[in-house]
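Once you have looked at the hints, place chain B on chain A.
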Amino acid sequence: MTINPDLQGRSYPAAEVYDVGREKIREFARAVKATHPAHFDVDAAKALGHGDLVAPPTFAIIVAQRADAQLIEDPDSGIDFSRVVHADQRFVHHRPIVAGDRLVAELHVDGVRAMGGGAMITTRSEIFALAGSDAAAPREAVATTTSSILVRGEGQ
Amino acid sequence: MTPTFSELTVGQDLGSRSIEVTRTDLVKYAGASGDFNPIHWNDAFATGVGLPGVIAHGMFTMGAAVQLVTDWAGDPAAVVDFQTRFSKPVPVSDTTGTPDAGAVIEVSGAIGALDADAGTARVDLTVVAGGQKVLMKAQAVVRLA
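Taken in sequence, the protein lines are chains A and B. Everything in the first sequence is counted per the numbering used here, starting at 5 for the first residue and increasing by one. Everything in the second sequence is counted per the numbering used here, starting at 65 for the first residue and increasing by one.
Calculated from the structure, these hints are not laboratory results. Ideal Cβ placement from N, Cα and C applies to all residues, glycine included. Any given hint might turn out to be false.
[As the list claims (entries may be wrong)] Restricting the straight-line Cα-Cα distance to at most 30 Å, the calculated cross-link-like pairs of lysine-lysine (DSS-like) are:
1) B/Lys92 to A/Lys37
2) A/Lys28 to B/Lys152
3) A/Lys37 to B/Lys152
4) B/Lys201 to B/Lys92
5) B/Lys152 to B/Lys92
6) B/Lys92 to A/Lys28
7) B/Lys197 to A/Lys37
8) A/Lys37 to A/Lys50
9) A/Lys50 to B/Lys92
10) B/Lys92 to B/Lys197
11) A/Lys50 to A/Lys28
12) A/Lys37 to B/Lys201
13) B/Lys201 to A/Lys28
14) B/Lys152 to B/Lys201
15) B/Lys197 to B/Lys152
[To be verified] A few chain B residues facing chain A, derived, Cβ under 10 Å:
16) Ala96
17) Met126
18) Pro153
[Claimed, not checked] Label-pair ranges, simulated between beta-carbon atoms:
19) B/Ala177 to A/Gln12: 30 to 40 Å
20) A/Ala141 to B/Gly195: 44 to 54 Å
21) A/Glu158 to B/Asp181: 48 to 58 Å
22) A/Ile76 to B/Asp135: 33 to 43 Å
23) B/Gly114 to A/Val96: 25 to 35 Å
24) A/Asp80 to B/Ala174: 41 to 51 Å
25) B/Arg149 to A/Ser86: 19 to 29 Å
26) B/Asp158 to A/Asp84: 21 to 31 Å
27) B/Ala180 to A/Glu158: 48 to 58 Å
28) B/Ser151 to A/Gly25: 25 to 35 Å
29) A/Asp84 to B/Gly98: 18 to 28 Å
30) B/Thr66 to A/Gly55: 17 to 27 Å
Chain A extracted, bound-state conformation (with noise of 0.2 Å):
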């Protein structure tokens, strides 16, 4: 299976909305094993200002993960996902991702560089949240992730 060249440069629009909850972000918490009081305490993510609970540091990767998927699923691509190794990952918050907030992700893809047999590919997306009910309410930037996936060609 041949990485296809062409996607460099290929963008995916916002596809479906990801509507961040309060459990959502007790359950992720939870797993990166975060105790922070902000996580899990309405109250206590209040007294340090915010709307509602926060989401760990990394809690946007679910969406960025889900964006991903239209990449690597897409059978123009030619990546094969049992091949797929996480080589890096950013995450720059503009504002912190709260319970509540309606998010959709745009996909970059920013870079396809051949490596051996396989490539290495750079997606970035551009995480947003809805200010309405609708797909089309404006839009505040919320978060920007960088991801680096290795594709290991054969014998890699």
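Just chain B now, kept in the frame of chain A:
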């Protein structure tokens, strides 16, 4: 307590912690994150793709490691930028039914840089499992009052 920017110095030690990891933790992380790649829960699949066995999600290690920073900062939202490279996998032994950990991740942090104009501190994390650095360039930028 939130640290005060003016009292910080480059090289300052922010302490360390040990994170014990079990297969159950990986199943919990898979469910919480939606990442169900079988290399994180199925030994036969993991060895079939050339891994030593089930390995932790890189994002589990990254997410657990930053808790040292979050707790130090006093507010999880103070972490405005967090990045790493995944340099080595973290194999997690199957210790199901015993009180033992399947892997132990050692995390320590120090102030790597200070930006007075932005009011931010960069925390450099050292993350080791099985005697090897499993994250490289693990850096969290924290906005301080």
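So, going through the hints one by one against the coordinates:
no.	hint	verdict
1	B/Lys92 to A/Lys37	holds, 10 Å
2	A/Lys28 to B/Lys152	holds, 29 Å
3	A/Lys37 to B/Lys152	holds, 21 Å
4	B/Lys201 to B/Lys92	holds, 26 Å
5	B/Lys152 to B/Lys92	holds, 22 Å
6	B/Lys92 to A/Lys28	holds, 12 Å
7	B/Lys197 to A/Lys37	holds, 20 Å
8	A/Lys37 to A/Lys50	holds, 22 Å
9	A/Lys50 to B/Lys92	holds, 27 Å
10	B/Lys92 to B/Lys197	holds, 24 Å
11	A/Lys50 to A/Lys28	holds, 18 Å
12	A/Lys37 to B/Lys201	holds, 22 Å
13	B/Lys201 to A/Lys28	holds, 29 Å
14	B/Lys152 to B/Lys201	holds, 13 Å
15	B/Lys197 to B/Lys152	holds, 7 Å
16	Ala96	holds, 4 Å
17	Met126	holds, 6 Å
18	Pro153	holds, 8 Å
19	B/Ala177 to A/Gln12: 30 to 40 Å	holds, 32 Å
20	A/Ala141 to B/Gly195: 44 to 54 Å	holds, 51 Å
21	A/Glu158 to B/Asp181: 48 to 58 Å	holds, 50 Å
22	A/Ile76 to B/Asp135: 33 to 43 Å	holds, 34 Å
23	B/Gly114 to A/Val96: 25 to 35 Å	holds, 33 Å
24	A/Asp80 to B/Ala174: 41 to 51 Å	holds, 45 Å
25	B/Arg149 to A/Ser86: 19 to 29 Å	holds, 22 Å
26	B/Asp158 to A/Asp84: 21 to 31 Å	holds, 26 Å
27	B/Ala180 to A/Glu158: 48 to 58 Å	holds, 51 Å
28	B/Ser151 to A/Gly25: 25 to 35 Å	holds, 34 Å
29	A/Asp84 to B/Gly98: 18 to 28 Å	holds, 19 Å
30	B/Thr66 to A/Gly55: 17 to 27 Å	holds, 19 Å
In this structure, every one of the numbered hints holds.
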